[in-house]
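Chain by chain, the residues run as shown.
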Amino acid sequence: MPKRLLQKTMKARVFCNNFKSGGGHLYGLESINASNGWAISIVGISIVFSGLVSLSLVISQLYKVLALYEDPSKITAFFKSKKSKKVDEKEGEKIITIVLTRSQKETVKQFALLARTLDDHFSLPRLLHLAQISGIKDPYPSLNILLKMRIVESDENGFFMWKNEVSDRAVR
Amino acid sequence: MNKLCGESMRDIKEILKKSKVFGLLDADSVKRLAGMFDQWTIHPGDILTNSGDTAHTFFLLGKGTVLLAMDEGKAIVLDTPGDFMGLELLSAKGKYKTSLSVLEEGSVFALSRQGFMELIREDSAMAETIMDAWQEYLDAKAPFAKNNEGPGLLQQF
Numbered sequence: 001m002p003k004r005l006l007q008k009t010m011k012a013r014v015f016c017n018n019f020k021s022g023g024g025h026l027y028g029l030e031s032i033n034a035s036n037g038w039a040i041s042i043v044g045i046s047i048v049f050s051g052l053v054s055l056s057l058v059i060s061q062l063y064k065v066l067a068l069y070e071d072p073s074k075i076t077a078f079f080k081s082k083k084s085k086k087v088d089e090k091e092g093e094k095i096i097t098i099v100l101t102r103s104q105k106e107t108v109k110q111f112a113l114l115a116r117t118l119d120d121h122f123s124l125p126r127l128l129h130l131a132q133i134s135g136i137k138d139p140y141p142s143l144n145i146l147l148k149m150r151i152v153e154s155d156e157n158g159f160f161m162w163k164n165e166v167s168d169r170a171v172r
Numbered sequence: 001m002n003k004l005c006g007e008s009m010r011d012i013k014e015i016l017k018k019s020k021v022f023g024l025l026d027a028d029s030v031k032r033l034a035g036m037f038d039q040w041t042i043h044p045g046d047i048l049t050n051s052g053d054t055a056h057t058f059f060l061l062g063k064g065t066v067l068l069a070m071d072e073g074k075a076i077v078l079d080t081p082g083d084f085m086g087l088e089l090l091s092a093k094g095k096y097k098t099s100l101s102v103l104e105e106g107s108v109f110a111l112s113r114q115g116f117m118e119l120i121r122e123d124s125a126m127a128e129t130i131m132d133a134w135q136e137y138l139d140a141k142a143p144f145a146k147n148n149e150g151p152g153l154l155q156q157f
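If you read the sequences in order, they're chains A and B.
In terms of the working numbering, the first sequence opens at residue 1 and continues consecutively.
In terms of the working numbering, the second sequence opens at residue 1 and continues consecutively.
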C-alpha cells in the first residue's frame, strides 16, 4: 500500500477510535490535527503577513503620490518624456529629443534672449557666464539640455551657434 | 574621491579600452595605467580645473558632460566616455590653461599629471602609442586646440 494512503488510513482509524471513546467530540491538539488545523493556520498567517507587507510598501511610496498631487505638471512631463524620448541617429551622432517642462521651456527662452546679445558664432563659456549672472535657474544642467537637444551646436572651430528652428520647436 | 577597486577597476579598464587615446594599448599597459586612476563623482556646477592653477591632474571621462573652456573663448563639450582631458588640451608648462566645468552628473577618472608623465617617459612604446592616438583624437575632437610648438616635448604640458 502506498505510504500516503497508509497514513490517511491510520489517521482515519485514530479519528474513529477517538470518536468512539470520546462520545463524538475531539478537543485541543487532537482536534487541530484531525481537521488540518496546522495547514489552515499557516495559510492564514501567510495571508495576513503578505497583506501587511503590501500595505507597508504602499505606505512607504505614498510620499511620491503626494508629491505628484502637489505638482501635477510632473505627471504630464513624466508621461510625455516616456513617450517621446527617442534617439535619432543622424550622421553617426546622437540627437536626443526631450519634451521640456514648462519651467525648462522658460529657461530655453531666457537662454535664447541671452544668445541674441552675442555674435552668431559665440563663446559657450560666455553664454554660461551670462546665464549665471542673469540668475537663470540651474544654468549648468540647462546648458546641457540645450546641447543635448542641439539647440546649441558647435561650429567645429571652438565656438557655438544658436539654432533658432530647433529652439522654436522645443518651446512650442 | 575613491581609490579604484572591484567594479570601478573593471569600469576604468573598459573605458580605457574604448578610449580613442588609450584604446590601442596592450592589456598589460591598460592594467598598469588603470591602477593610477582615482574615481571622482561629478555634479553640475563642479569646477574641476581653473585656468592658471598648477596642473596636477588629468581626467578621463567616465560618465556625464564636461565643458572645457579655453582662454580665447573657445570651448569643447566632452560627453563621450573615454574622452581624455589632459596634455595640451588642459595644461601648458605645468599650469592649467583651460577650465573644466561639469554640466551633467557623472564621474571622471583622475590621473596624476606627474605620474602620467613619468609613466610615458619610462615606457617609450606606450608613449608613442598614446601620443599618436592623442594627435588623431585632437584632429577629430578639437583641431583648433592642437599645439603648434612641436610634438615630443612632454615638459610643455
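Take these hints with a grain of salt, some might be off.
[To be verified] Facing chain A, from chain B, some residues (calculated, C-beta under 10 Å):
1) MET36
2) GLY64
3) VAL77
4) MET117
5) ALA142
If you are wondering where the hints come from, they were derived from the structure by calculation, not from laboratory data.
From the three backbone atoms N, C-alpha and C, an ideal C-beta is built for every residue, glycine too.
Right, here's what the structure says about each hint:
1. A least Cβ separation of about 29 Å between B/MET36 and chain A goes past the 10 Å threshold, and the interface hint is therefore violated.
2. Hint status for B/GLY64: holds, given a least beta-carbon distance of 9 Å to chain A, under 10 Å.
3. About 6 Å separates the beta-carbon of B/VAL77 from the nearest beta-carbon of chain A, less than 10 Å, and the hint is met.
4. Interface restraint check: B/MET117 against chain A, minimum CB-CB distance 26 Å, threshold 10 Å, status violated.
5. With a least beta-carbon distance of about 7 Å to chain A, the hint placing B/ALA142 at the interface is held under the 10 Å criterion.
Violated hints, in rising order: 1, 4; the structure is consistent with all others.
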